[in-house]
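Protein chains: 6
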Amino acid sequence: SLLVVRVAFTSLWLPTVNTVRAMSSPGGPVPPFTTLSISRPANHITHVELHRPEKRNAMNKAFWSEMVDCFNQIAEDPECRVVVFSGAGKLFTAGIDLMNMAGDLLQPKGSDTARISWYLRRIVAKYQETFSVIEKVPLLGLPPLVMYLLSQDAWFQVKEVDIGLAADVGTLQRLPKVIGSRSLVNELALTARKMYSDEAKSSGLVSRVFPDKEALMAGAFEVAGEIAARSPVAVQGTKINLLYSRDHSVAEGLQFMATWNMSMLQTHDLMKSAQAALEKKGPKDVPFSKL
Amino acid sequence: SLLVVRVAFTSLWLPTVNTVRAMSSPGGPVPPFTTLSISRPANHITHVELHRPEKRNAMNKAFWSEMVDCFNQIAEDPECRVVVFSGAGKLFTAGIDLMNMAGDLLQPKGSDTARISWYLRRIVAKYQETFSVIEKVPLLGLPPLVMYLLSQDAWFQVKEVDIGLAADVGTLQRLPKVIGSRSLVNELALTARKMYSDEAKSSGLVSRVFPDKEALMAGAFEVAGEIAARSPVAVQGTKINLLYSRDHSVAEGLQFMATWNMSMLQTHDLMKSAQAALEKKGPKDVPFSKL
Amino acid sequence: SLLVVRVAFTSLWLPTVNTVRAMSSPGGPVPPFTTLSISRPANHITHVELHRPEKRNAMNKAFWSEMVDCFNQIAEDPECRVVVFSGAGKLFTAGIDLMNMAGDLLQPKGSDTARISWYLRRIVAKYQETFSVIEKVPLLGLPPLVMYLLSQDAWFQVKEVDIGLAADVGTLQRLPKVIGSRSLVNELALTARKMYSDEAKSSGLVSRVFPDKEALMAGAFEVAGEIAARSPVAVQGTKINLLYSRDHSVAEGLQFMATWNMSMLQTHDLMKSAQAALEKKGPKDVPFSKL
Amino acid sequence: SLLVVRVAFTSLWLPTVNTVRAMSSPGGPVPPFTTLSISRPANHITHVELHRPEKRNAMNKAFWSEMVDCFNQIAEDPECRVVVFSGAGKLFTAGIDLMNMAGDLLQPKGSDTARISWYLRRIVAKYQETFSVIEKVPLLGLPPLVMYLLSQDAWFQVKEVDIGLAADVGTLQRLPKVIGSRSLVNELALTARKMYSDEAKSSGLVSRVFPDKEALMAGAFEVAGEIAARSPVAVQGTKINLLYSRDHSVAEGLQFMATWNMSMLQTHDLMKSAQAALEKKGPKDVPFSKL
Amino acid sequence: SLLVVRVAFTSLWLPTVNTVRAMSSPGGPVPPFTTLSISRPANHITHVELHRPEKRNAMNKAFWSEMVDCFNQIAEDPECRVVVFSGAGKLFTAGIDLMNMAGDLLQPKGSDTARISWYLRRIVAKYQETFSVIEKVPLLGLPPLVMYLLSQDAWFQVKEVDIGLAADVGTLQRLPKVIGSRSLVNELALTARKMYSDEAKSSGLVSRVFPDKEALMAGAFEVAGEIAARSPVAVQGTKINLLYSRDHSVAEGLQFMATWNMSMLQTHDLMKSAQAALEKKGPKDVPFSKL
Amino acid sequence: SLLVVRVAFTSLWLPTVNTVRAMSSPGGPVPPFTTLSISRPANHITHVELHRPEKRNAMNKAFWSEMVDCFNQIAEDPECRVVVFSGAGKLFTAGIDLMNMAGDLLQPKGSDTARISWYLRRIVAKYQETFSVIEKVPLLGLPPLVMYLLSQDAWFQVKEVDIGLAADVGTLQRLPKVIGSRSLVNELALTARKMYSDEAKSSGLVSRVFPDKEALMAGAFEVAGEIAARSPVAVQGTKINLLYSRDHSVAEGLQFMATWNMSMLQTHDLMKSAQAALEKKGPKDVPFSKL
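Quick note, the sequences are listed as chains R, A, U, C, P and F, same order.
For the first sequence, the UniProt record's numbering assigns the number 1 to the initial residue and increments by one for each residue that follows.
For the second sequence, the UniProt record's numbering assigns the number 1 to the initial residue and increments by one for each residue that follows.
For the third sequence, the UniProt record's numbering assigns the number 1 to the initial residue and increments by one for each residue that follows.
For the fourth sequence, the UniProt record's numbering assigns the number 1 to the initial residue and increments by one for each residue that follows.
For the fifth sequence, the UniProt record's numbering assigns the number 1 to the initial residue and increments by one for each residue that follows.
For the sixth sequence, the UniProt record's numbering assigns the number 1 to the initial residue and increments by one for each residue that follows.
Errors might be hidden in some of the hints.
Since the list gives no way to pick one copy over another, a pair counts as held whenever it fits inside one copy or between any two copies.
[What the hints assert, rightly or not] Simulated crosslink set (BS3-like; lysine-lysine; CA at most 25 Å straight-line):
1) 290 <-> 90
2) 284 <-> 126
3) 213 <-> 272
4) 61 <-> 280
5) 109 <-> 290
6) 290 <-> 159
7) 90 <-> 55
8) 194 <-> 177
9) 90 <-> 194
10) 290 <-> 126
These are computed hints drawn from the structure, not numbers from a lab.
With these hints in hand, go ahead and build the complete structure from the sequences.
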């Protein structure tokens with residue numbers, strides 16, 4: 001089964017979930033979404049589940065725009081401080097649903113190459129937006145994302161080269177900035193070979209691997225809980241500046257950081273946290289306001 | 001023995017070959033090349049061998065311009081879809097042939113420092129071109145390169161600091177973008193210590209290590225075969241966009257990718273591949289036209 | 001105990017020293033420094049020790065400006081070719097001395113938010129300078145820095161998120177460029193969990209781990225000795241171009257490198273080294289002049 | 001009267017219209033817009049009029065989101081090839097409607113500085129989007145924009161410094177890239193002095209000045225007609241690459257251009273135009289398809 | 001007489017002063033400065049005068065470091081909101097005082113080219129700092145600078161090419177970003193021809209020209225007064241973001257601007273100014289606090 | 001008649017020559033060139049003439065590669081210090097010779113869009129190289145270029161939009177960096193209107209206009225003589241750093257400049273020039289060695 005482009009939406013942790021208990025959404029996707037199921041399993045934590053289990057969570061046309069809508073909604077929800085993203089059922093995703101999208105990609109309308117090109121560029125830009133929305137949130141305020149890779153039998157694959165195209169929704173741009181070895185990135189992207197969870201861990205693609213799905217989801221929610229308990233001012237500032245650093249020189253990053261913190265250091269959270277530290281308490285003992 | 005600058009030409013896989021059977025070029029270098037031997041061991045695969053075994057493949061003056069000529073020729077060969085690069089004999093390369101190049105570098109002509117500087121800058125730029133030509137091919141259409149590191153006893157070394165200079169043909173620029181650990185890069189470049197194949201693997205410099213030379217060459221040609229069998233439209237698009245991503249932000253990379261694929265998605269290869277996938281066939285069962 | 005921001009000053013090797021014998025400065029900090037102790041344990045090697053053992057080497061207000069003064073002094077010392085940086089006593093550093101700095105950060109003066117912001121931005125920029133001074137030395141001529149992580153029980157922690165702020169003296173900018181795995185960087189920075197020496201090694205944060213403090217310091221001075229013995233022209237050129245490469249594209253790095261070496265290749269050190277190599281000697285047998 | 005930030009939305013021509021006949025929208029704004037009036041005065045030309053004449057076209061809260069909606073709609077209209085943007089009544093715009101926006105900017109809710117900062121950053125980003133939407137259209141396909149400055153008595157002013165803030169919706173970013181003299185930009189932005197039409201012309205802010213409003217609108221529609229008559233493939237490609245060039249080096253711009261034209265040169269418009277040129281016809285005699 | 005490099009320090013207005021009444025410093029340079037005279041001719045305005053009239057204000061060794069010290073002092077002076085920079089006596093400056101600096105530049109010590117290069121690079125970097133300090137103040141808080149070109153007989157000249165070197169303290173970097181015509185920049189820098197005040201005005205190098213020295217100084221102080229009267233929060237924010245925009249893309253500039261204003265919009269100056277505007281008052285009628 | 005893309009090759013002065021006496025090449029193009037005529041009208045000055053007067057100097061297929069060959073040859077000629085570029089006969093150039101190139105551009109071979117795209121991208125890249133070669137010479141050592149616009153009746157035109165394409169050999173990339181007004185650039189590129197010599201002068205496209213062809217050529221050679229007489233170390237350093245500055249931030253430009261001059265300041269030309277200045281001589285009185 002195909003597991004294409006999965007890496008594209010992993011600005012933070014990135015992992016695969018082969019088997020996930022649909023704890024959060026017994027009835028499946030929340031209207032008006034048909035491919036995503038959203039729930040709040042714990043305080044300040046939003047669980048977004050890719051939910052087309054009968055199609056192995058393949059990404060169809062609806063998915064591309066629902067992702068944008070979903071994360072724009074989350075960005076407006078001050079109660080949400082961290083998002084867990086996973087796939088419903090045994091598989092994270094089978095990748096692009098080629099059948100569903102064949103009309104768009106394989107038979108674009110028109111006879112002039114330039115006009116077909118124009119049309120395709122807008123389609124690709126729209127699909128890219130699906131994953132970029134998660135990062136663009138610096139301007140919107142989206143909380144960080146938690147994802148985890150499951151078990152020995154999970155694998156990751158950049159499948160596009162097998163279907164005659166270069167991956168264009170973000171894999172070739174983000175994967176080399178997520179793992180350290182360019183040799184490995186090249187091999188994965190040019191041969192479409194599978195990478196199993198062991199290699200995903202040793203290469204740095206994911207930071208932890210779990211023995212089975214329950215441990216995985218428990219682990220993901222535990223990390224999410226750690227983040228949700230901390231000052232949202234500190235968490236958002238950290239996330240936004242990490243993203244900024246990825247695409248800028250150190251000197252540029254420092255200038256942005258100093259400009260960011262000239263206001264953020266004035267937060268009450270700093271005093272509250274310092275007070276708690278003096279009293280030998282941790283961040284979980286401090287009630288932070290919404291951001 | 002010296003193994004300088006080897007990493008410089010490793011935009012894709014990078015490995016060392018200590019012992020390679022000169023299967024491809026029984027008579028040695030193809031005229032007009034005196035340092036390179038070129039052959040076609042399989043369909044769509046070009047094998048370029050650094051071939052001065054009596055000098056441990058040290059890079060002399062002829063090598064610098066032959067590399068540029070060789071890869072420019074390959075870029076014009078529509079039958080070539082992937083290149084395997086290795087060294088003839090037991091050693092990949094002993095690095096720069098200092099004796100051969102002493103006249104250029106150690107005793108440049110002239111008495112005015114500025115004019116000697118001007119001369120040296122052009123020499124260095126010319127040597128840099130030797131390795132950059134492999135990457136510049138985005139505009140030329142050069143296929144990707146496969147190289148693999150051999151066995152336990154192979155090693156890699158950035159030797160320049162031992163001869164009183166900073167490595168200037170690309171090692172200091174590319175090595176930090178190839179492996180993840182900056183501490184390791186610093187140590188290798190500042191102390192000139194050897195890195196053996198185990199560390200080359202764990203650090204991500206190479207993605208695989210083989211027990212002996214036959215396994216190595218077999219492995220290299222197997223990967224080359226995987227790439228050669230796939231759509232050249234997909235392979236070249238992947239390679240060009242991976243190189244572009246290395247030097248640009250994610251947002252820049254996505255914009256370039258969308259612009260690239262507005263034409264490349266119109267390829268017949270996409271339909272052929274989708275058709276094959278429906279018929280449970282793989283890319284190797286599909287005949288793709290030359291690019 | 002807190003081990004914040006430690007990664008910020010690790011442009012080269014980076015390591016933690018939990019237990020270090022104050023061999024170099026029996027009497028503690030050299031006037032006029034109150035937080036740093038400086039010595040010359042061997043030829044061309046300067047040892048800078050963070051020296052507030054009674055406070056677990058926490059960084060107080062004096063530290064921020066003493067670091068800048070200290071490294072500016074070192075940059076003027078032609079006898080120094082490499083710096084070893086460590087912490088006095090059992091711990092490398094407990095991080096920011098919150099109590100000492102509370103006045104500056106928690107209770108900035110003034111009632112207008114914009115004016116407080118202006119004040120805080122200058123404070124943060126000044127603190128950033130503490131660690132950037134080590135890198136800026138390209139223009140000043142500071143020698144490279146050696147640091148090493150100790151033993152099984154040493155750990156590293158990005159603690160800021162626990163006290164309600166985003167780390168702003170360089171951790172979020174430099175850590176992602178030092179280790180390859182972005183998943184790991186995100187997890188460390190967003191959850192403030194500890195990373196022990198094993199993970200520090202496997203993730204590439206440090207290139208070696210030692211069993212105990214004596215082995216650690218011996219190892220650090222051995223590497224320092226390797227560097228100090230080499231041509232300062234080669235070492236500085238390598239360091240400056242590695243830093244340049246970190247923040248530039250490969251093409252930009254090559255152009256800078258060619259411009260750098262148009263003068264540096266004219267050094268006598270090249271001929272001396274080539275001569276030594278012919279005589280089967282190593283760099284340690286060659287006397288190089290001061291830079 | 002105030003004429004703030006007018007320069008912000010002038011990615012192409014930029015001019016002020018002090019007196020404009022509301023020829024296109026006798027009844028005022030088209031629902032659902034309350035601040036913009038949209039019409040099609042000629043084939044392929046869309047006229048967008050800032051239409052709050054009773055408030056001297058001051059920009060109120062509704063304006064900020066209506067602009068985004070309006071230009072997103074235009075981007076979906078294949079019949080529109082060029083947009084003329086002007087202000088209804090005697091004045092182009094009085095700038096920001098401070099009274100209307102006072103609640104947002106002067107009295108943001110909340111007591112924690114960091115949280116107010118977060119809120120304000122999202123507001124500013126949203127306002128910036130109002131003008132950036134006109135440029136972002138490279139991905140959307142928005143046609144170029146025509147605007148013209150009127151007469152001797154028209155003036156332009158960067159007013160923000162007079163109300164205690166730095167202009168933040170794009171003036172400080174775009175003005176220096178629109179006119180050549182940085183001295184002039186600095187003076188305008190730091191002293192808020194008025195610049196009249198003569199200086200706007202000689203400084204390059206606008207390319208033409210007209211004696212009165214009728215001549216102005218006639219001139220704007222004439223230029224719009226010139227653009228609308230040409231191949232939309234050529235016009236969009238020119239616009240997108242000019243914008244790309246503004247923010248990139250020449251080498252980057254050339255690489256993007258070559259990638260763009262690898263598909264766009266395959267348009268039938270090229271053959272049609274070449275044919276027309278042979279027949280001594282101009283672009284206006286050639287019927288081009290929609291893009 | 002030589003008028004080299006004058007353009008280098010003109011991040012804001014740039015002008016030449018051939019004849020300036022030493023109104024501000026009757027006794028000449030203020031100790032400890034020997035080349036600069038500093039005074040406060042009006043509230044919030046600092047006048048810095050290049051003061052070696054007997055040497056036509058040629059820049060000697062003392063000048064290079066005094067400039068840095070002087071502007072660092074000004075950056076710490078909260079009463080100063082704008083700086084006027086001019087030359088004492090009839091001439092602004094004759095440029096570099098070659099005789100005074102001959103020892104440094106023409107006869108550097110040492111026999112190894114690499115070591116002389118290293119020494120020269122530090123000298124040049126130090127001289128560059130002289131002019132960069134005026135811009136770096138974004139981190140320090142330096143107020144903007146006012147300078148004005150005098151009269152018909154004033155001229156500007158990039159003289160370096162006549163003495164055998166490429167201008168290296170900032171002219172080649174800043175001049176092309178100050179005036180719009182690259183043809184003119186090239187001609188000035190490659191032929192060293194004089195540019196008189198008329199051309200300086202029409203090319204955008206300066207924004208105004210005055211008939212004689214009294215009018216010039218009156219004009220400079222009038223503009224300085226305009227700036228000094230405005231909110232320092234607005235003025236500094238404008239200056240810093242204009243400088244940032246010069247070196248960044250529009251998108252980067254907008255992101256920085258939004259981050260900057262998320263705190264700066266919280267200033268009381270905004271409400272005070274809005275209140276004043278309602279009462280038909282201008283910024284000069286509003287008392288703003290120090291920054 | 002068409003005057004397309006003329007601006008593309010004007011990294012230094014840029015002008016049009018409608019009527020030029022073929023003084024330099026009585027017999028026409030020098031073999032092996034069929035479109036270019038090369039001569040040495042004075043010491044150190046090379047005159048390159050676009051020479052297809054019967055075709056109004058239209059750029060045909062031969063032209064594209066001859067330009068590259070010609071300037072590569074010049075780069076190897078140490079006697080040449082400056083190049084004058086003009087067109088033979090009455091017209092500078094009619095632009096692209098559409099008829100000659102129709103086969104390449106209008107009827108590319110093949111039926112797969114991706115493969116035609118690939119072919120076209122290489123063609124465009126090759127044409128771009130024609131003009132980029134003049135700038136790339138920083139690595140090659142090409143002298144600066146002088147060109148001048150003639151008289152009242154000369155005009156400049158970006159013609160591509162009239163033939164259905166976006167200009168792709170450099171106009172859209174370089175024109176906005178040559179003249180200051182973006183409004184004017186947009187208008188020229190989107191409407192293809194003619195710009196006459198007066199506007200070319202006032203907009204900064206050229207720095208001088210001459211009354212007739214003799215005055216023009218005399219003026220061009222006079223400026224060329226000024227440049228040729230100066231130190232080639234100073235001239236090349238100035239040219240290379242001006243080009244570098246165009247595409248980099250001020251801080252980047254300063255760092256490159258300091259690195260450049262660390263060797264170039266060691267030239268004997270500096271001492272020679274200083275000596276001459278003391279003796280009240282000018283650069284023309286000093287004999288400088290070849291570079």
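Provide an ascending list of the numbers of those earlier hints which the structure does not satisfy. Violated hints (numbers, rising): 1, 2, 3; every other hint is consistent with the structure.
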